[in-house]
Amino acid sequence: MASSITVSSIAIEDFVFPPSVRPPATDKSFFLGGAGVRGLTINGTFISFTAIGIYFEETAVASLADKWKGKSATELTESVEFFRDVVTGQFEKFIQITMLKPLTGAQYSEKVSENCVAIWKAIGIYSEAEEKAIEKFTEIFKEQNFPPGTSILFKQCAPKSLRIAFGKHDAIPEADVAVIENGPLSQSVLESIIGKNGVSPAAKESLAVRLHELLNPAKVANGEAEAETKVANGEAEAVTKENGVEIKE
Numbered sequence: 001m002a003s004s005i006t007v008s009s010i011a012i013e014d015f016v017f018p019p020s021v022r023p024p025a026t027d028k029s030f031f032l033g034g035a036g037v038r039g040l041t042i043n044g045t046f047i048s049f050t051a052i053g054i055y056f057e058e059t060a061v062a063s064l065a066d067k068w069k070g071k072s073a074t075e076l077t078e079s080v081e082f083f084r085d086v087v088t089g090q091f092e093k094f095i096q097i098t099m100l101k102p103l104t105g106a107q108y109s110e111k112v113s114e115n116c117v118a119i120w121k122a123i124g125i126y127s128e129a130e131e132k133a134i135e136k137f138t139e140i141f142k143e144q145n146f147p148p149g150t151s152i153l154f155k156q157c158a159p160k161s162l163r164i165a166f167g168k169h170d171a172i173p174e175a176d177v178a179v180i181e182n183g184p185l186s187q188s189v190l191e192s193i194i195g196k197n198g199v200s201p202a203a204k205e206s207l208a209v210r211l212h213e214l215l216n217p218a219k220v221a222n223g224e225a226e227a228e229t230k231v232a233n234g235e236a237e238a239v240t241k242e243n244g245v246e247i248k249e
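Numbering (UniProt numbering), first residue to last: 1 to 249.
Misleading hints may appear alongside valid ones.
[Unchecked claim] Keeping only pairs whose Cα atoms sit at most 20 Å apart, straight-line, the calculated SDA-like set for lysine to any residue is:
id : residue 1 : residue 2
1  : K101      : N182
2  : K111      : I42
3  : K111      : T41
4  : K69       : T88
5  : K168      : Q144
6  : K132      : N182
7  : K219      : E75
8  : K136      : G183
9  : K142      : F166
10 : K168      : D14
11 : K196      : K101
12 : K101      : R38
13 : K132      : A106
14 : K28       : F91
15 : K142      : E181
[Stated by the list, open to error] Ranges between beta-carbon positions, derived for each pair:
id : residue 1 : residue 2 : range
16 : K67       : I125      : 20 to 30 Å
17 : S127      : E75       : 26 to 36 Å
18 : D85       : S4        : 16 to 26 Å
19 : V179      : T88       : 11 to 21 Å
20 : T104      : K69       : 34 to 44 Å
These are calculated hints, taken from the structure and not from any lab test.
By construction, the Cβ of each residue, glycine as well, lies at the ideal position given by its N, Cα and C atoms.
Please work from the sequences and hints to get the whole structure.
In structure tokens form, the structure reads like this:
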């Protein structure tokens with residue numbers, strides 16, 4: 001089933017995230033909400049480790065519209081509450097994390113687990129159920145290795161399913177490899193990327209700019225939208241609103 005929302009692709013270094021994808025085990029297409037790199041500054045040089053694309057099912061726009069329509073892209077970018085609403089919204093999300101540098105499954109799951117546990121402890125919900133979910137999460141990744149160009153795929157399904165798959169950047173598999181039934185883990189994988197202390201500020205900004213355009217199509221069509229920051233190829237660049245966002249009637 002094709003989405004009625006059409007957006008542009010986003011290039012991150014050598015990889016392009018297409019405007020829409022069909023996640024494993026579904027016949028629905030999800031549109032590209034935003035994308036960006038995750039990296040670290042080492043000895044004064046920024047090193048990109050992964051490219052992250054965040055996709056949503058079509059109902060995301062309507063779900064966010066009542067509260068966030070009319071807000072500028074800058075307001076969305078700076079709002080912790082906005083990204084929290086994206087994470088907790090009752091619409092499905094699909095996250096594609098493509099390796100720019102080689103990474104073992106153990107390295108990846110250890111860092112994600114640390115970030116998730118930090119989020120849970122901060123809000124006081126770290127229980128035995130979450131501990132068991134983390135154990136299952138790390139077990140799934142334990143024997144995996146991810147050379148450049150391979151992808152880790154997450155699908156966040158309400159109310160509490162986290163579906164996991166592995167593939168190549170341009171070849172999404174037909175089936176998941178595992179499903180973990182834990183609401184906090186399902187949400188925290190995305191929150192660790194775009195939340196208050198998210199690991200990819202570039203993805204956050206890209207997401208805010210593009211969702212602003214989708215929430216305010218008339219403003220964009222009339223050329224009234226302010227100059228914003230678009231993330232492309234892992235770098236922030238000031239441009240006017242020409243991101244190719246269109247909503248089909």
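Comparing the hints with the structure gives:
1. K101 / N182: Roughly 29 Å separates the two Cα atoms, so the pair is violated.
2. K111 / I42: Since the Cα atoms of K111 and I42 sit roughly 17 Å apart, the hinted pair holds (cutoff 20 Å).
3. K111 / T41: holds, 17 Å
4. K69 / T88: holds, 18 Å
5. K168 / Q144: holds, 13 Å
6. K132 / N182: holds, 9 Å
7. K219 / E75: Holds - the C-alpha atoms of E75 and K219 are around 16 Å apart, at most 20 Å.
8. K136 / G183: The given pair, whose Cα atoms are some 14 Å apart, holds under the 20 Å limit.
9. K142 / F166: Holds, at about 13 Å.
10. K168 / D14: Holds, because 13 Å separates the two Cα atoms, which is no more than 20 Å.
11. K196 / K101: Violated. K196 to K101 sits at ~25 Å, over the 20 Å cutoff.
12. K101 / R38: Measuring from Cα to Cα gives roughly 11 Å; hence the hint holds.
13. K132 / A106: Given that 20 Å is the threshold and the Cα spacing comes to 17 Å, the pair holds.
14. K28 / F91: Since the Cα atoms of K28 and F91 sit roughly 12 Å apart, the hinted pair holds (cutoff 20 Å).
15. K142 / E181: holds, 19 Å
16. K67 / I125: 20 to 30 Å: For K67 and I125 the Cβ distance comes to about 23 Å; the hint holds.
17. S127 / E75: 26 to 36 Å: The hint (26 to 36 Å, Cβ to Cβ) holds, given that S127 and E75 are roughly 35 Å apart.
18. D85 / S4: 16 to 26 Å: Cβ of D85 to Cβ of S4: about 22 Å, so the range 16 to 26 Å holds.
19. V179 / T88: 11 to 21 Å: Cβ of V179 to Cβ of T88: about 20 Å, so the range 11 to 21 Å holds.
20. T104 / K69: 34 to 44 Å: holds, 43 Å
The structure fails hints 1, 11 (numbered hints given earlier, in ascending order).
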